[in-house]
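Engineer: Let the sequences and hints guide you as you build the complete structure.
Residue numbers (the working numbering), protein chains in the order written: chain A, 1 to 321; chain B, 1001 to 1321; chain C, 2001 to 2632; chain D, 3001 to 3632.
You may find that some hints are simply not true.
Calculated lysine to aspartate or glutamate pairs in the EDC-like style (CA-CA distance at most 20 Å, straight line) [to be verified]:
#1 C:K2037 x C:E2062
#2 A:K310 x D:E3236
#3 B:K1055 x B:E1023
#4 C:K2554 x D:D3600
#5 B:K1314 x C:E2279
#6 A:K264 x B:E1309
#7 A:K264 x B:E1267
#8 A:K264 x B:E1273
#9 B:K1310 x C:D2576
#10 C:K2482 x D:D3561
#11 B:K1055 x C:D2435
#12 D:K3554 x C:D2582
#13 D:K3482 x C:D2576
#14 C:K2280 x B:E1223
#15 C:K2482 x D:E3609
#16 D:K3497 x C:E2581
#17 A:K264 x B:D1167
#18 B:K1055 x B:D1021
#19 D:K3497 x C:D2582
#20 D:K3280 x A:E49
#21 D:K3613 x C:D2477
#22 D:K3235 x A:E309
#23 C:K2037 x C:E2156
#24 D:K3280 x A:D313
#25 D:K3123 x D:E3156
#26 D:K3554 x D:D3508
#27 C:K2280 x B:E1023
#28 B:K1296 x C:D2276
#29 C:K2482 x D:E3575
#30 C:K2123 x C:E2141
#31 C:K2235 x C:E2062
#32 C:K2226 x C:E2062
For the record, the hints were derived by calculation from the structure and aren't laboratory data.
Treat the numbers as computed from the prediction; the structure is a model and nothing was measured.
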Amino acid sequence: MAVRARDLLPRSSEERLTLADYEGCGPRWCTGCGDLGILTAVQRLLRDEQLPLEKVVFVSGIGCSSRFPHYMGTYGFHGLHGRALPIAEGIKMRRPDLHVFVNTGDGDCCSIGAAHWLHATRYNMNMTVMMHDNNIYGLTKKQVSPTSPIGTRSSTTPRGSDLEAFDPLIATLGMSNLSFVAQVADWIPELLYKVISLAFHHRGFSFIRILQRCPEFLPDHFEPWVQDPDRMQILTHEDGVQLSSALSSVYRHQEEHDPSDLIKAREIAATSERMPVGILYRNPDAPCYEDLRRPKQLFTPAMIGAGLEKELDKFTIWPTD
Amino acid sequence: MAVRARDLLPRSSEERLTLADYEGCGPRWCTGCGDLGILTAVQRLLRDEQLPLEKVVFVSGIGCSSRFPHYMGTYGFHGLHGRALPIAEGIKMRRPDLHVFVNTGDGDCCSIGAAHWLHATRYNMNMTVMMHDNNIYGLTKKQVSPTSPIGTRSSTTPRGSDLEAFDPLIATLGMSNLSFVAQVADWIPELLYKVISLAFHHRGFSFIRILQRCPEFLPDHFEPWVQDPDRMQILTHEDGVQLSSALSSVYRHQEEHDPSDLIKAREIAATSERMPVGILYRNPDAPCYEDLRRPKQLFTPAMIGAGLEKELDKFTIWPTD
Amino acid sequence: MPARKQSVQRTPVSKPAMAIDEHVVEILSDSGEGAQKCGQSFASISARMGKGIWTVEIIPAEIQPPARSIEGASGNRIRVAGYPVANGGDQADLVVAFNEQVLLGRLRANELKPGSIILLEDKWRTSIDTAIADSYNRVYEDLVAQGFCVYEIPMEVECLKLVSDPRRGKNMFVLGLLCSLYSLDIQLAREQIQFIFGKKGELVVTANRRLLEAGWAWAEKNLDFKYKIPATPAKEANIVVNGNMALGLGIMASGMEVCAMYPITPATSVSHYLSDVFEKVGGVVHQAEDEIAACAFAIGSSYAGKCAVTITSGPGYSLKQECIGLAVMAEIPLVVINVQRGGPSTGQPTKAEQGDLLMSIFGSHGDAPKVVMAASDIEDCFFSVITARKIAETFNTVVVLLSDASLATAQQPFARPQFSEEWLAPPVDQSPVGDEDMPYDWDDRTGQSHRFIPGQPNGMHTLTGLAHDRTSSVAYDLGINKEAIHHRSLKLAALQKTLKTPPVFGDDEGKLLVIGWGSTKGAIQEAVARVRADGHSVSSVHLRFLQPMASGIKEILQRFDRVLAVENNWADDMEDAMIDEDNCRYSGLAWILRARYLVDVVCWGEVGEQPIKPGTVERVIRRQLDNKHQEY
Amino acid sequence: MPARKQSVQRTPVSKPAMAIDEHVVEILSDSGEGAQKCGQSFASISARMGKGIWTVEIIPAEIQPPARSIEGASGNRIRVAGYPVANGGDQADLVVAFNEQVLLGRLRANELKPGSIILLEDKWRTSIDTAIADSYNRVYEDLVAQGFCVYEIPMEVECLKLVSDPRRGKNMFVLGLLCSLYSLDIQLAREQIQFIFGKKGELVVTANRRLLEAGWAWAEKNLDFKYKIPATPAKEANIVVNGNMALGLGIMASGMEVCAMYPITPATSVSHYLSDVFEKVGGVVHQAEDEIAACAFAIGSSYAGKCAVTITSGPGYSLKQECIGLAVMAEIPLVVINVQRGGPSTGQPTKAEQGDLLMSIFGSHGDAPKVVMAASDIEDCFFSVITARKIAETFNTVVVLLSDASLATAQQPFARPQFSEEWLAPPVDQSPVGDEDMPYDWDDRTGQSHRFIPGQPNGMHTLTGLAHDRTSSVAYDLGINKEAIHHRSLKLAALQKTLKTPPVFGDDEGKLLVIGWGSTKGAIQEAVARVRADGHSVSSVHLRFLQPMASGIKEILQRFDRVLAVENNWADDMEDAMIDEDNCRYSGLAWILRARYLVDVVCWGEVGEQPIKPGTVERVIRRQLDNKHQEY
Ligand SMILES: Cc1ncc(C[n+]2csc(CCOP(=O)(O)OP(=O)(O)O)c2C)c(N)n1
Ligand SMILES: Cc1ncc(C[n+]2csc(CCOP(=O)(O)OP(=O)(O)O)c2C)c(N)n1
Ligand code: SF4
Ligand code: SF4
Ligand SMILES: [Mg+2]
Ligand SMILES: [Mg+2]
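Structural biologist: Here you go:
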């Protein structure tokens, strides 16, 4: 591996990274796929933050949404269906210097990965988690997902699904050691950017459920909300989301919500007639697992050697002479 | 299999089943283990209900608590760690005639089995689920469990655990298609019996978190609550738990709680200073998966034959002449 | 540009159809342009006329790949012959392409016969996007230069005369073309259109019929060639389905009542089909939260007397291993269908591979004997499920049925099955259990035992994955686990005694025996037939049961000078400088045969490609005959 | 009752110690009475004096089994010899039992040498519970009738003279007894007590020392026999730990930084030990929510440059298969330790078995080549981890290290390791990546490639479990998966070239070769030594690497008339009426050897028992020598 001199120099201000630097290979999603908007927002955020490409890892499971890392110019780990979170935890555990992002789907996160999701929430490691919720299994071609609304016709529910949709927002608000929960939609770019940015700046496990359109398999599914801004409820807060005046005029239903109020957050998630978007909950004081588990000792050869000798001493039979 | 005449006769009232009929092999739990009280309550309930032994199946995972089925005189399925719920679902799916009970531990249910728990709640199949929560891994000898309080010294957390306990009550109250959630403690036999009985009579997925003492590994853990009834909050309702006068005088903190009020249930679970026991939530109208999925057609050879022929017709190339 | 002129300007008067034995035809389009429907219809009409067919789906790896992209090629390969065929053949004789890009991937993969005919949509030549026009021209010139016989077809122009959105009609125009070129019965083609579009109403039917007829007329008028492939009209009713639908039909026919699954390519389409029809015969498809839950659900259901199947592919199969071990241990009948795909890990979800054989035999920790069988053609997919259910319930064991991505989407006509009630299980036994009976009362000769199903009075016991004795009590004493393990192993031996020695294809003895299993059967047998036609002493044998294996196989192997395993999985190459007999990793079946029979089975395996072709196998055989020992 | 009087009433004056080569001693109590501590102390003192020892834990299957129950027996077997020993020996020469019930299970399992000495707590004889007194009397009479030499010891009575709760002190009284009986250095015993109880304060130490001395004095006064086992005082420092602690120490010493696990018997105690000490050297033990998460976590950590290990047993190992396939595919170094237990399914969690070998080699769908090695004694547990980490990081691959329940709890002294920085990995590479470099730039000869670790400038790429090319891009083209599979397979071949042919124990050629792997080494070699002492031409070879296997093994096998695999896993018995060469299910290693070398390896396996004994192997060998071909 040849070392290039310029890599060793600190980047000067002229060498600002551009959007193109954050792009990976060309996205292969369908035309109109909501994942595209998420990608754009994330690339912009990273550019605006000027995150060093090599210090960022995008981790994902399997699904359309989980192709995300391939489309970033950073490091990426396209893992196994349902296992993005534990992989991301392993990465973060001893590499606090890395910025870890996770992209997961509704099937990936709420179905096969549900146990990991619940525990990742509790571990509260510092990472930004985007759950692309298109209410369907995209990659495997239209099977019902836990978040599909009742009656959804899919390849495995040809006469309509039987169960009420699983609500990931309420569920996550019931988990322990909660740190950051937000909801946003792919079709409001400004808000999308803002919420992901707030999540990124939050220290802890920042979970964002992103309503994501899948025109291929559920073409009109989110249209009522896309078409009618009045069906959306924007959660604002001085220390959270604040709408531009342009957006304010479109999204008229705004509600001041203090993200530290968990009881209220649950109530909003459970009872809101409109679709709430914004920060539901944020607790900057929830302890992060990687901090709690950071050993007091350095992991150096000398330390290891000394520690080992000390342990061996305990079990040693010395020659008797 | 020789058929004995008496098995073919309907049981007369004289042939009431006794407690002994509901006993399996002798329990092997430690002295003072809370599982013993749960076993007693369940055996009594089945005796009182006179459930036919052959129509009852106890399903469990792996753990001390999961040994439960062996100690019952009914059918039992002692499955795999974390997988009791999907096994129980498979049993119930096409056997509505069977009474299905599930015994699971805090590790079994909330750790390795968490995804199944969340989905079993949503499927809402008619079964009674007892989660024996001793806040520790018993069978494998004292490892920390998700429900262990912060600071718990265990074999894998010798200097005390780092994370706040996971709260299964709040979590389950955040799940979808919710049907029945209760909490009770092994050391209040009357209430234990009552709550399990109410759960059994509820049609749907009845989840009971049972606080269960493990004197072997956490000897004094629940003592504050055992010793001081004032630390308990009994949730009563005219159509739910009602205390005997004897118990009423001991457990003075009673609260009338309407189990149909989910928002309130969440609030109680999240904010109650005392340990709430009783029915937190009950929704008799939540649809059961096995009902929703009951096919309109009988599964008979004639039906199968006819159905198959009809399908084959679709793909048949008939001889042309 | 002579080739071009050649095609569009000719106006032939009379075209005697050239008689040919068979052709391999491919139809390629962007995904969504309907090449698959066109290909399937072409195959159906041919089959109805009594020709032999085998279809192979060409599937893009993406949901909606970019238009005009190499990886986006979507379509069908149809092999049509005057006799039954059992694989997709070697290279294509004729290709219809809706744009020049979709051709490129097939060319690179060497799927076109040198000099073959290409029918190419010509609208790109005049595209206002000059990049497209340039690309088209470049490819066109190149094809011609390479000696392909390219006919440019004004598909869009012609379709626009009839419909406003030619993207949705071109495929039926092409069907008309092909009907003319292969002298198919245009009336059958009209019926096919009725069958496909009938549900969408008369207007749609009419529009598509017109397109069909237009294509037919255009070809009659403008193309200077025509083929005729002989047909042997069927004497009996046949059905045409792909392997996954055959599995679905087999599940219905086997009397299984529950299918628990979690979506995964390429297995999922079995459950798609089944989700549609299973309820009509009283069955149920349960989409679980993951593969582990699906397997556990199936186990619960089977335990309760409702025999269940769980269907998956590679990654899901790995996940199910713990549950499979439980079913083995507790002796619960369970059918596990694994439609294999390219591995390892997420691998190549839509590609065929036979990489899961050894895992199927040796998977799950501890001694977990299970039956492993493999379907080798479409009909076999159907009947294997019925057999699998029967074995599972007779021996109270797990039966793994292996199929793969190749069979999953391939179509081949086979005799319409005659439903028999014997295929079904008897109804759930709910009679009281005798006082002396025990849940695991193993027969010391066969290892078999009854099992008690909940609801049976007096049969109460607790089933457990812990070591247990005949009463199903947890066994603490030494030696009890051994007794149970012994009996579970015996069950495989007892089943083995009932298996028939597989027939040898070709002579019973000779120079070279090719041995295979699963979806490679058609390709292997055709390759063997070809070299036999040249007088070579080569035979083949194909295994249906991989664990246990029928008696008599050793004797077959020994009657040949050399044995070659041909599989669609990895085998190290002895020619590789690093590989020798101390480290060679043999193909799956080769491991088993070598271990069991101590015969020096050499092997050849292929991964990451299309389904194995007869020509490829033929070349491998010929190299073996050239006696380059250990080349593979 | 002569035997009884014999013991308690005699007052010997002088007792010359009888010189013996070795003894197998067992100490049995109800769980919680401290027999294990007594046994371990006895072993430690013996070892410190320079005797050879091997200890085996006797573990009840329940947490708190009923008192005075057969299955409740808890304790230790200690083999003490005048020379190094590598297994627990055959039958016990002397047993101390705290009640008569705990003896019964050992008797049934035939663990006592005929006529052996039994030291029995006598308090039960006079129990006010007549059922207990009767049981005691019955067993006592029976033992005497069977010819055991039973000494009744008033343990409780004697202890009560010193402490109020004899349940907590009896074990040290017994230690004193044993020190006297085996002429151990009482001063070392005092130090041992200081070591064990030091933390609990001087009072506890004193009380226990008094009990020790009382036991010693009582034996000196009342028992009429005394042994002396020679000792060769060690010239170098030795350490005494069990196999699981050795694994834990090995993990520390290997430079791995993360251990991700989920509790499971018998693997968990590795993590218990590690949880205590790993942080002190900067490492971390993460108890994940399940085994899949643990494996995924370890993969994530290794990917990020912090080499990780995940530890489990059978059921957890089955669950990890999908993740293991990902690590293989993505070429992430990963060490997986599987402390095998009795299977299948939940099986026998505390019992030893070697049932996971074939799954380790062939597990995970598709072609997933990984390295499989096995530790064969306690020292090997330590060093194998270091080797495993090194191979994993050198070849960017998965290394499975197999141990089992037998090694997990067995203790044997070995030379104190000398820490070397070479054991550790170099620090995480964070240097910039060259412009030409690719994340999977496979070397065509060895299959190896660099890998880029997050943080390395210019190394950005997305790792994937999908088929990928050298740049780690998803591979849609045919043939690319093959290229990657080829190189991953080559890595095993390249490693294989570096492996040393294992040494033959005994002559290099002869009549019978016994072959084994893992924890059976000590028993096999002792058995071979015994029959060799009788002049038989028998040798053995023990494998450390199971996949790949070192060169030269075939040549070794061929130099013997017959080869017998001896394993602690299931093997069908050819004598069984149902079993023949067409259906025989061979033991794990036998499968591999037969397949690779085409040598007719016969096999013998044992499941559901204690660790395999040298005497058992000896009998198996002798039967083979009697030339009953194919008996096993
Ligand atoms: C273990 C395993 N099971 C199943 C699959 C097949 N699979 C791939 S993606 C997917 C679900 C996709 O849905 P979702 O997570 O919602 O992502 P989307 O494609 O909608 O973005 C499934 C079932 C797999 N790759 N691995
Ligand atoms: C797949 C698998 N992983 C781990 C184990 C080991 N194991 C058995 S029980 C148990 C946890 C027991 O804790 P809990 O569920 O709380 O039950 P308890 O014993 O406390 O009643 C574990 C980890 C197992 N048997 N199978
Ligand atoms: S299938 Fe749906 S989710 Fe997947 S890429 Fe297409 S539009 Fe997006
Ligand atoms: S270990 Fe704890 S939970 Fe298990 S049986 Fe003993 S007291 Fe009960
Ligand atoms: Mg989705
Ligand atoms: Mg517990």
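Engineer: Indicate, hint by hint, whether the structure satisfies it.
Structural biologist: For each hint, the structure was consulted:
1. C:K2037 x C:E2062: Status holds; Cα separation ~19 Å.
2. A:K310 x D:E3236: With a Cα-Cα distance of about 17 Å, the restraint between K310 (chain A) and E3236 (chain D) holds, given a limit of 20 Å.
3. B:K1055 x B:E1023: holds (15 Å)
4. C:K2554 x D:D3600: Distance ~14 Å between K2554 (chain C) and D3600 (chain D) Cα, so the pair holds.
5. B:K1314 x C:E2279: holds (17 Å)
6. A:K264 x B:E1309: Given pair K264 (chain A), E1309 (chain B) is violated - Cα atoms ~58 Å apart, limit 20 Å.
7. A:K264 x B:E1267: holds (10 Å)
8. A:K264 x B:E1273: Holds, at about 19 Å.
9. B:K1310 x C:D2576: violated (55 Å)
10. C:K2482 x D:D3561: Roughly 30 Å separates the two Cα atoms, so the pair is violated.
11. B:K1055 x C:D2435: holds (18 Å)
12. D:K3554 x C:D2582: holds (8 Å)
13. D:K3482 x C:D2576: holds (14 Å)
14. C:K2280 x B:E1223: Violated, at about 57 Å.
15. C:K2482 x D:E3609: With a Cα-Cα distance of about 8 Å, the restraint between K2482 (chain C) and E3609 (chain D) holds, given a limit of 20 Å.
16. D:K3497 x C:E2581: holds (12 Å)
17. A:K264 x B:D1167: This hinted pair holds, its Cα atoms lying about 19 Å apart.
18. B:K1055 x B:D1021: holds (13 Å)
19. D:K3497 x C:D2582: Holds - the C-alpha atoms of D2582 (chain C) and K3497 (chain D) are around 9 Å apart, at most 20 Å.
20. D:K3280 x A:E49: Roughly 37 Å between the alpha carbons, so the hint for K3280 (chain D) and E49 (chain A) is violated.
21. D:K3613 x C:D2477: Holds - the C-alpha atoms of D2477 (chain C) and K3613 (chain D) are around 17 Å apart, at most 20 Å.
22. D:K3235 x A:E309: holds (19 Å)
23. C:K2037 x C:E2156: holds (18 Å)
24. D:K3280 x A:D313: holds (15 Å)
25. D:K3123 x D:E3156: Roughly 7 Å between the alpha carbons, so the hint for K3123 (chain D) and E3156 (chain D) holds.
26. D:K3554 x D:D3508: holds (13 Å)
27. C:K2280 x B:E1023: Violated - the C-alpha atoms of E1023 (chain B) and K2280 (chain C) are around 42 Å apart, more than 20 Å.
28. B:K1296 x C:D2276: Holds. K1296 (chain B) to D2276 (chain C) sits at ~14 Å (cutoff 20 Å).
29. C:K2482 x D:E3575: Distance ~16 Å between K2482 (chain C) and E3575 (chain D) Cα, so the pair holds.
30. C:K2123 x C:E2141: Holds, at roughly 16 Å.
31. C:K2235 x C:E2062: violated (42 Å)
32. C:K2226 x C:E2062: violated (36 Å)
In summary, the structure is inconsistent with hints 6, 9, 10, 14, 20, 27, 31 and 32 from the numbered list given earlier, while agreeing with the others.
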